[in-house]
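So the sequences go chain by chain: H and V.
My numbering numbers the first residue of the first sequence as 1 and each following residue consecutively.
My numbering numbers the first residue of the second sequence as 1001 and each following residue consecutively.
Hint data in this document are derived by calculation from the structure and do not stem from the laboratory.
Glycine residues also receive a C-beta, built at the ideal position from the N, C-alpha and C atoms.
Wrong hints could be hidden among the right ones.
Facing chain H, according to a computed beta carbon distance under 8 Å, are these residues of chain V, among others [as the list claims (entries may be wrong)]:
#1 R1215
#2 A1217
#3 W1221
#4 P1398
#5 G1402
#6 Y1420
#7 T1440
#8 R1441
#9 L1442
#10 I1453
#11 M1457
#12 H1516
#13 S1518
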Amino acid sequence: MPRAAAIAHIPELAARLVSLERLEETRGWRSTGVAALDGLLAGGWPRAALSEITGRRSSGRTAVVLATLARAIAAGEATALVDASGNGGGSLDARAAAAAGLALPALLWIRCAPAQALKAADLVVAAGGFGVVALDLCDSGDARRRIADAAWVRLRHGARSQGTTVLVATSTRTLGTAAAAAIELGGGAPTFLTDGPPLFAGVKSRAARVRGGPRDESAREEAACVSLAFTCRS
Amino acid sequence: MRLACVYVPQLALQAALRRNPDARDEPAALLETAGPGNVSSVGRLRRPELIAGGAEPSQGSAVKKPRVTQLESRARRAGVRPGMTAAQAHALSANIRLFTATAADREAGAAALADVGYAFAPRVDSSDGGERIFFDCADLGQLYPYGETAIAQAVQAHAARLGLGARVAIASAKGIARVATRAHALAVVPAESAGARAFMEPLPVELLTDDAELRAAFRRWGTRTAGAIAALPADAVALRLGPRGADVARLACGKDDEPFVPRLPPDALEEAVELDYPVFEIEPLAFVLRGLVDRALARLAGRSLACAGLVLRLSLDPRGLDVRTVPLAAPTREAKTLLELVRLDLARRPPDAAVVGVRIIVEPARVRATQLDMLRPAGPAPDRLATTLARLAALVGPENVGAPATVDSWREQAVAVTPYVPPAAPPADALAATTATPSTRLTVRRKRPPEEIEVIMGRDGPTALRGSETTARVLVTAGPYRLSGEWWQPPATAAAASEPNEDAPGGWAHEYWDVHASDGAVYRLHRDARDGRFYLDGYYD
């Protein structure tokens, strides 16, 4: 090819190049499993970082965590759930989780006391190769008081070096600035079917983005919260 | 057929040296009181430092002194000879290392020799008294195009990696290969009969047979070499010396009919050691285990296999056996990982008494082969995952680590934990599946066991509840849903029944409610129809 013709193709080739920042964006997020939350976070939970989802009881925190795990497992990734609830016996309802689309054999489930949760999560993250590690501290009392900030920083460092998404579910905001993305669920309103005797149908919640999301400031202001609907009947 | 013969002279001494690789550069000899089978009579004289230091252990007058039975070339050059006592050997060579080989050493040495063969062939004939193996090497020409000498060198090098100094010969018959290993450290006998006869011709008669009677007979006849025997009429030799003499005469002519009896490798691979002193602490035990694991993994590596399971058999002092299975999440060939797992297992459940012997049984398996994807993570590395699972088990208990599984039961809270296996690569249509949104379905966050609570009942169900974590009015009630089951099971004992245990055997009957409480949560609670008590199962989330 003559040199002049080659030079003429340079603009065309340059147009096809993807900026490093854009590449990082497309590769740097993982779906939450909930389309509305993906939109709120501009792609989902950040990879190789800590994320946090908070809310009171029956606000749908567990449903979001399980949806994220189900999505990662469906993509062939290794996942783990550190379950520090249920008096050490774990709070996971295996049947309901399976019904929600979670492939149970592909989930590493660690039942532990709240005091062991950080250590267990650290071990799993340090093993490497896990796409998502969920840390369930929903019923662990005041985790913010019990867990030192340095522990979160260490976990964040591990997540960054191993490329793992660490998702922490709590009842109150705990991670502070250690979280790259944080969602707060609130305003949960249970719905009951009342055609006959009352029958619990689901919960409608409101998800507010506390940290993370789009980098563009105007886009951040546009949608800082979305409505979510969770069902309990198939 | 071309047969390779691997001969390890003085296997007992070499087996002892495998356990003490630092002594390979020094003169070494093997001490035994009687024949090789009577090694137990040596008893506590196995302490090498004591023997090496020149101090003669005190023995009862009835017990014979241990004497040198096998020695390597440096010790021989120093003047040490078989039959000498430890003191005599030390007088001739101050730095000689004297060992005794336990039954475990001999067994492991013979197994390692067999593994030399299994590294090159699927079946090995090890019926020749333990010091010698045969295997078919006719097909190895594809891998070693530079000829049979290269094959023999490769076999010898692999034996050296397993700590065995071997002599290797390749021939067309077992007997000829056996004689060749006696004559040369590395030999290739021509395949054609004339070449084999020419190879045998100069060899002395002593190499053809171990039978002293036959040797003496040939010496009386003035036949010193195989060529001289081959020149004798075969019928006359058979008439005078019987069938054994005829066999030797045929061997001298480069002919042999001894059958090749190959066997498949054993299912498990073992390494063992008997300790000189009872060991109480974990660290010294881990040090001993390090050598065992290293040797076992070297044998596995020769067969391109990895360790899929490890059984540890500890002989306790004064008697007893502690057998434990060390779980492995995936096959691994890393000694560090295996030692970490064993160490964690020992730390979690120390032996009941001091340990006097250690045996590891390794289950071989193919290494996990995965096709990596450029755009997706490869998943946890098998060895690191195994170590991590073991550490987690040590932290929270093995029953709390694994994959959740549903249980065939009508009990709502029933759950089981199964061994965790990392997910395989997703099928091709999985990508399409991942674009679909999983249902955002609420699940009940279970309280295990259910918490007993106080409930005020109204006409339509619960109107208020009080537990350890909540006190609330009930705004909306859904239920009751009546469930019962396992009435066919024998009831729990009276003592056990007094405590709330939902998983206790025996029939059960529950009335469930979903209640929207004034604290905003939707709880799942039930009343036990047997005693009327209320329990909080959890809440929807």
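Hints not upheld, ascending by number:
1, 2, 3, 4, 10, 11, 13
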